[in-house]
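Enquirer: Sequence:
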Amino acid sequence: MTWLYALQFAAPLILIGWLVWAPARSGLGFVVQVFGSVAALAAMALLGIWLLPPWWAPFVFAAALAVATWLGWRRIQPIASAVPATGGAWIVGGLFLALGCLSTYGTFTAWQSRSNPVAGAVNLAFPLEPGRYLVVNGGSSISTNAHLETLNAGVPRYRTWRGQSYGVDLVALDGFGLRARGVQPADPSAYVIYGARVWAPCAGQVLIAVDGLPDMWVPEADREHLAGNHVMLRCDQADVLLGHLQPGSVRVHAGAQVAVGDWLGSVGNSGNTGEPHLHIHAQGPGSTDAPLGGDPRPLQFKGHFPVRGDRIEVP
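In the numbering used here, the protein residues as written are 22 to 336.
Check the hints yourself; a few may be wrong.
As the list claims (entries may be wrong) - Ranges of calculated distance between the beta carbons of each label pair, as one might list FRET restraints: (1) W94 / G305: 52 to 58 Å; (2) L118 / L199: 33 to 39 Å; (3) A84 / M22: 39 to 45 Å; (4) D195 / A103: 48 to 54 Å; (5) G233 / I112: 44 to 50 Å; (6) L118 / A87: 19 to 25 Å; (7) A211 / L34: 22 to 28 Å; (8) W238 / A103: 40 to 46 Å; (9) E241 / L118: 28 to 34 Å.
Don't read these hints as lab results, they were simulated from the structure.
It should be emphasised that the depicted structure is a prediction, and the values quoted were computed from it without experimental measurement.
Even glycine gets a Cβ: it sits at the ideal position worked out from N, Cα and C.
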């Protein structure tokens, strides 16, 4: 993920600096440059995973881009020509046009991801203790929800995990909007969400309760036990899994009855997780051999369909 954090820092700064120090000299070229820059920043804001820089960084970049546009416009006065005057200027303009078109498509897919993919989403209570949270994966498009990759029927190994396809990943944030002390600390306890209490989001029976798997050092992952320590509940609407729990924290056992808000365990870093977060998904019943292979169901938290980038504050 470090490369993504670097890209989310560098790309906006390059576009902003380009407008300030090397704006297109022609009217058409300048308009296309602004279009490409604005569209790219909008797409990054909606598609990016804003853990670092934090969620508020796109707003700062947008303000800086507005100032850069004004400064660039002043720099090119008087405008040299209506259209680019050289072949190189036409090439640069074409690249910005392509960037703008691709970014506009990305923005469209991000907005499209905010719609429920099917009717009858499973409505759940929020599963974490009071705090500030960010949705890292969620939505109805693979552009904002990496779990949807497991809907690909052409990959046999995905069949046993397809129940997670509309899953949601949550991290916690501190008062500055940061999710950890440092860029990517190896110690799971350095992450704000580590140890947060996980509550039952629905009333039902505990189908599965797994404990005893170790937390992984970041960014290592346990490829053999993908869900890590986890609890699966059978509720009225669906089976609901809450995964990547802290070893020794699971407080329920298979067959137990739980009510909404019962303490199930605490967030850890067990299983196939690059860093501490809570994974939650809803599905139809799985089989004995593939309990997580049921038909995936989209979920809502109190009527809200969570999508990447959403911030949720629990008082």
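Enquirer: Looking only at beta-carbon atoms, does the pair G233, I112 fall within the given range of 44 to 50 Å?
Expert: Since G233 and I112 have Cβ atoms about 60 Å apart, the given range 44 to 50 Å is violated.
Enquirer: Taking the Cβ atom of A211 and the Cβ atom of L34, is their distance within the range 22 to 28 Å?
Expert: 27 Å, holds
Enquirer: Return holds or violated for the Cβ distance of L118 and A87 against the range 19 to 25 Å.
Expert: 21 Å, holds
Enquirer: Note whether the CB distance of W94 and G305 lies within 52 to 58 Å or breaks it.
Expert: At roughly 56 Å between Cβ atoms, G305 and W94 fall inside 52 to 58 Å, so the hint holds.
Enquirer: Using the beta carbons of E241 and L118, state whether their distance is inside 28 to 34 Å or not.
Expert: Taking Cβ atoms as reference, E241 and L118 lie about 43 Å apart, which means the hint is violated.
Enquirer: Go ahead and decide if the range 39 to 45 Å is satisfied by the Cβ distance of A84 to M22.
Expert: Roughly 26 Å apart at Cβ, these two residues miss the hinted range, so it is violated.
Enquirer: Given the range 33 to 39 Å, decide if the beta-carbon distance of L118 to L199 lies inside it.
Expert: For L199 against L118, whose Cβ atoms are near 36 Å apart, the range 33 to 39 Å holds.
Enquirer: Given the range 40 to 46 Å, decide if the beta-carbon distance of W238 to A103 lies inside it.
Expert: Roughly 59 Å apart at Cβ, these two residues miss the hinted range, so it is violated.
Enquirer: Is the gap between the beta carbons of D195 and A103 within 48 to 54 Å?
Expert: Given about 51 Å between the Cβ atoms, the range holds.
Hints 3, 5, 8, 9, counting from the list given before, are not met by this structure.
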